[in-house]
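> Residue-level listing of the chains:
Protein chains: 2
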Amino acid sequence: MKEKRTLMLPGPTPIPASARRAGADEIIGHREAECDELIEEVTEGLKYVFQTTNDVLILTCSGTGGLEASIANTLSEGDKVLSLCTGAFGERYATIAERYGVEVDRIDFEWGTAVDPEVVEEKLAAEDYEAILMTHNETSTGVINHPQPIGELAEKYNALLLVDAVSSLGGIELKTDEWGADVVVTSSQKALMTPPGLCLVSVSDKALAATEDSDLPAFYWDFNRAKDRYDRDSQTPSTPALSVLYVLREVLQEIKEEGLENVFNRHKVVAKAIREAMRAIGLEPFVDDEIASKTVSAIKLPEEVEFSALSSKLKEDYNVYVTGSKGHLKGKVFRIGHLGNVSRTDALSTVSAIEMVLKEEGYDVELGTGLEAAQKVFEEERK
Amino acid sequence: MKEKRTLMLPGPTPIPASARRAGADEIIGHREAECDELIEEVTEGLKYVFQTTNDVLILTCSGTGGLEASIANTLSEGDKVLSLCTGAFGERYATIAERYGVEVDRIDFEWGTAVDPEVVEEKLAAEDYEAILMTHNETSTGVINHPQPIGELAEKYNALLLVDAVSSLGGIELKTDEWGADVVVTSSQKALMTPPGLCLVSVSDKALAATEDSDLPAFYWDFNRAKDRYDRDSQTPSTPALSVLYVLREVLQEIKEEGLENVFNRHKVVAKAIREAMRAIGLEPFVDDEIASKTVSAIKLPEEVEFSALSSKLKEDYNVYVTGSKGHLKGKVFRIGHLGNVSRTDALSTVSAIEMVLKEEGYDVELGTGLEAAQKVFEEERK
Chain A
1 MKEKRTLMLP GPTPIPASAR RAGADEIIGH REAECDELIE EVTEGLKYVF
51 QTTNDVLILT CSGTGGLEAS IANTLSEGDK VLSLCTGAFG ERYATIAERY
101 GVEVDRIDFE WGTAVDPEVV EEKLAAEDYE AILMTHNETS TGVINHPQPI
151 GELAEKYNAL LLVDAVSSLG GIELKTDEWG ADVVVTSSQK ALMTPPGLCL
201 VSVSDKALAA TEDSDLPAFY WDFNRAKDRY DRDSQTPSTP ALSVLYVLRE
251 VLQEIKEEGL ENVFNRHKVV AKAIREAMRA IGLEPFVDDE IASKTVSAIK
301 LPEEVEFSAL SSKLKEDYNV YVTGSKGHLK GKVFRIGHLG NVSRTDALST
351 VSAIEMVLKE EGYDVELGTG LEAAQKVFEE ERK
Chain B
1 MKEKRTLMLP GPTPIPASAR RAGADEIIGH REAECDELIE EVTEGLKYVF
51 QTTNDVLILT CSGTGGLEAS IANTLSEGDK VLSLCTGAFG ERYATIAERY
101 GVEVDRIDFE WGTAVDPEVV EEKLAAEDYE AILMTHNETS TGVINHPQPI
151 GELAEKYNAL LLVDAVSSLG GIELKTDEWG ADVVVTSSQK ALMTPPGLCL
201 VSVSDKALAA TEDSDLPAFY WDFNRAKDRY DRDSQTPSTP ALSVLYVLRE
251 VLQEIKEEGL ENVFNRHKVV AKAIREAMRA IGLEPFVDDE IASKTVSAIK
301 LPEEVEFSAL SSKLKEDYNV YVTGSKGHLK GKVFRIGHLG NVSRTDALST
351 VSAIEMVLKE EGYDVELGTG LEAAQKVFEE ERK
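Same order as they appear, the protein sequences are chains A and B.
Take 1 as the starting number for the first sequence in the numbering used here and just add one per residue.
Take 1 as the starting number for the second sequence in the numbering used here and just add one per residue.
Simulated from the structure, these hints should not be mistaken for laboratory data.
Where hints are given, some of them may not hold.
One copy or any two copies: either way a pair holds, since identical chains are not told apart in the list.
27 Å max Cα-Cα, derived DSSO-like pairs, lysine-lysine [as the list claims (entries may be wrong)]:
id : residue 1 : residue 2
1  : K2        : K175
2  : K330      : K227
3  : K4        : K376
4  : K175      : K156
5  : K175      : K227
6  : K332      : K227
Bound-form chain A, shown alone (with noise of 0.2 Å):
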């Protein structure tokens, strides 16, 4: 019999299994009055879980469809803008908006460290930008850039704050509204625990303004034929993924029963079980606690094992996934997804698994060493 599968990617994540089962259901017509309903369901949950009184977009697209919405609706060929890189989604976004004609000014932080918010404002206070781009959760280096301070310097130079929150919107605290953030976007696949097929966007009233000025072309996820459409009869202006959003509304009613707050804890939890289990067999991760992702963590492999190695083993015999890193970091950093539908017998299994296979693979480690740590972690949370 094979192991029961273990995802733990920084998405696509595992869906719970009501809501999977949803996802069959019989199709309805996206005009018919039962679509409304669904959509109007699914846009106020989302707007519980962005914490936003703002629209909220339901676009039919992977996440970097909506960055490159971001960027064409709102801005104009020659805008200038400032990018803030830590890592590979960041330089992701920068490389949209240059397909676009905007002129990006990218700051790039060391991977591994989050964005200073001094460095911003240094560049903020010397020339104008219409937006600035940022990443919530790098999940290439598992860092949190934290949007609050970034929206008071967008508020303060009158820039525009586009967040990507593809990894961390539902699993990381994100504060839509009281922190400033105009546009923000994030995908159904990651912390929304739900099939790929749906992006999922906020747009301020700032935001809308700035639709008005830009030249640039959309159609298709043109941000006011969706927000015109939704007002007028709760629609989408095309046929959205209607299967991905049966899985949507069952998702979003869970997140609302755990509430927020718990939801916010349980990745905390995770995430630091996982840590502590690494340190404890002798694994550094990648980045400081401070700045640590609650949805993804880098961890460093030990010199005498492959990543090609850990992978394949933990697929094959424990059938679990993890996956690499990117750039510089390529073979030198593993990356632990622990977002959406990840409980702690999830971390455990794959604590046990790496060890397991790091032993095979002629590392030194005692087998329960990580996997006391993290239980101790879990013990800690109960008190």
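Given the coordinates of chain A, work out where chain B should sit on it, guided by the hints.
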């Protein structure tokens, strides 16, 4: 007990139950070998339905997104294109091109008529066009435009032929390669009887060559990013709508087993049965038989019957879904979709429900007249 749902829309369409269940399978990693296999299988299945050896790219968006991608990838600002408009969807394709700063010459054929290749040739002979935009099956009027003569003209006048095949592909013959269609766009929720969320796009070498000269912005649905990624490791650049792909794999297998010719013939027979049934009860099809769509039938409403009454009673009393029409046909024409997983029993349920509602609404109809006409079509077919 509520009647079974009979979804007779021009999309989204009903999904075979076994395929629907596949959509509830566990989520897999989109960079894992099992996903590569999934995407390869789907791509091969699509090539069979597209009747092409061209690349067929899998995009996660609706058909509208794919149409936008066809423009953004192959054209440049100021390029001249010829748009063959026979209804609302032809107009939409032209609108998308205009949004990108492309200069669009429309030929507006009267709604309810088909593209006339002679008129098209006059324009092509008089002026240079980079591309021709055409709608294979104009859903708003129920008209088929034959791509073959337009493909010949595109070759003769050295223009790209971009084809909106959203509501035709897999239901009506489209010989992509033989007829010279450079880009063909369809979506999952029509004749491919899969949930909405995927857009499938075939791209000829001529179209790929055109991407080199294009100066329009595209990142998410950049054809070359999609092609390169598929060529490299059978993956997609962004996370695809996996649960929708699970369904599509099953459906493509079913289409292959039935055989494309049989699938097309089934659509023809059901379309004919519905048209004959409507005629038998005195309702006139909106378009002539020779150009009538095999996936959607537009039928003139009797003057004494309001569309809203017909539509709501069909839903409430029989759980049968039909739709109205657009533009100046609104309220005068209703449309019955019969594509994908639509059978003779669905056609009969629909005809029966229409007869009964029309009678209740005061229209003079002898019950069973339409049903008999439909049966005779089926009987003829079985000989």
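> Check K4 against K376 for me: Cα-Cα at most 27 Å, and say if that holds within a copy, between copies, both or neither.
Classified as within: same-chain Cα gap 25 Å, cross-chain 54 Å, threshold 27 Å.
> Pop the pair K175 and K227 into one bin, within, between, both or neither, using alpha-carbon distances up to 27 Å.
Result: close within a single copy only, 21 Å intra versus 38 Å inter.
> At most 27 Å between alpha carbons: which applies to K175 and K156, within, between, both or neither?
within (18 Å within a copy, 59 Å between copies)
> Give the relationship of K332 and K227 under a CA distance limit of 27 Å: within one copy only, between copies only, both, or neither.
So K332 and K227 fail the 27 Å test inside a copy (44 Å) and across (29 Å) alike.
> Please work out whether the CA atoms of K330 and K227 approach to 27 Å or closer within one copy, between two copies, in both situations, or in neither?
between (41 Å within a copy, 24 Å between copies)
> Indicate which option fits the pair K2, K175 if close means a Cα-Cα distance not exceeding 27 Å: within, between, both or neither.
Neither way: K2 and K175 sit 42 Å apart in one copy and 44 Å across, limit 27 Å.
In this structure, the earlier hints numbered 1, 6 are contradicted, and the remaining ones agree with it.
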